[in-house]
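Chemist: With numbering that gives the first Met the number 0 applied, the sequence shown covers 0 to 96.
If you are wondering where the hints come from, they were derived from the structure by calculation, not from laboratory data. It cannot be assumed that every hint is accurate.
Claimed, not checked - No farther apart than 30 Å at their CA atoms in a straight line, the calculated lysine-lysine pairs in the DSSO-like style are these: (1) K25 / K4; (2) K20 / K79; (3) K20 / K4; (4) K79 / K35; (5) K50 / K4; (6) K35 / K25; (7) K20 / K50; (8) K35 / K4.
Claimed, not checked - With beta-carbon atoms standing in for the labels, derived distance ranges: (9) A82 / E1: 13 to 23 Å; (10) L95 / L2: 30 to 40 Å; (11) A94 / E57: 15 to 25 Å; (12) K25 / D96: 33 to 43 Å; (13) D96 / D17: 32 to 42 Å.
In this text the structure is predicted, and so the values were computed from the model without any measurement. The beta-carbon is built from N, C-alpha and C at its ideal position, and this holds for glycine as well.
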Amino acid sequence: MELEKEILTHAARVGNLDILKELIHKQVDLNQRDPKGYTPLILACYNNQYKAAALLIENGADVNAADDGGNTALMGACFKGYADIAELLIQNGAALD
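Start from the sequences and build out the full structure, keeping to the hints where you can.
Modeler: Here it is as structure tokens:
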């Protein structure tokens, strides 16, 4: 459903944990992509939403998914200087190459 996708994307971007939990409970696909190829995890990481990123990872988000430009959540976290998010991603299997 397109509306759920938009809600998931926004919730990840702004770190709305209540909405994310509700969508996870509804078993929404956490690896779906927006028009630029961003997954909810990529958006959470790019926007420094640590708790949202952790919640998404705990519920099966792909830590190695790349956007349409080939960039992963780890690349974005490193580029923006979000060391805690980078560490979270690495601890959960993010590729270092």
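Chemist: Please go over all the hints and tell whether each is borne out by the structure.
Modeler: Checked hints:
| no. | hint | verdict |
| --- | --- | --- |
| 1 | K25 / K4 | holds, 12 Å |
| 2 | K20 / K79 | holds, 26 Å |
| 3 | K20 / K4 | holds, 14 Å |
| 4 | K79 / K35 | holds, 19 Å |
| 5 | K50 / K4 | holds, 20 Å |
| 6 | K35 / K25 | holds, 24 Å |
| 7 | K20 / K50 | holds, 12 Å |
| 8 | K35 / K4 | holds, 13 Å |
| 9 | A82 / E1: 13 to 23 Å | violated, 35 Å |
| 10 | L95 / L2: 30 to 40 Å | holds, 36 Å |
| 11 | A94 / E57: 15 to 25 Å | holds, 19 Å |
| 12 | K25 / D96: 33 to 43 Å | holds, 35 Å |
| 13 | D96 / D17: 32 to 42 Å | holds, 36 Å |
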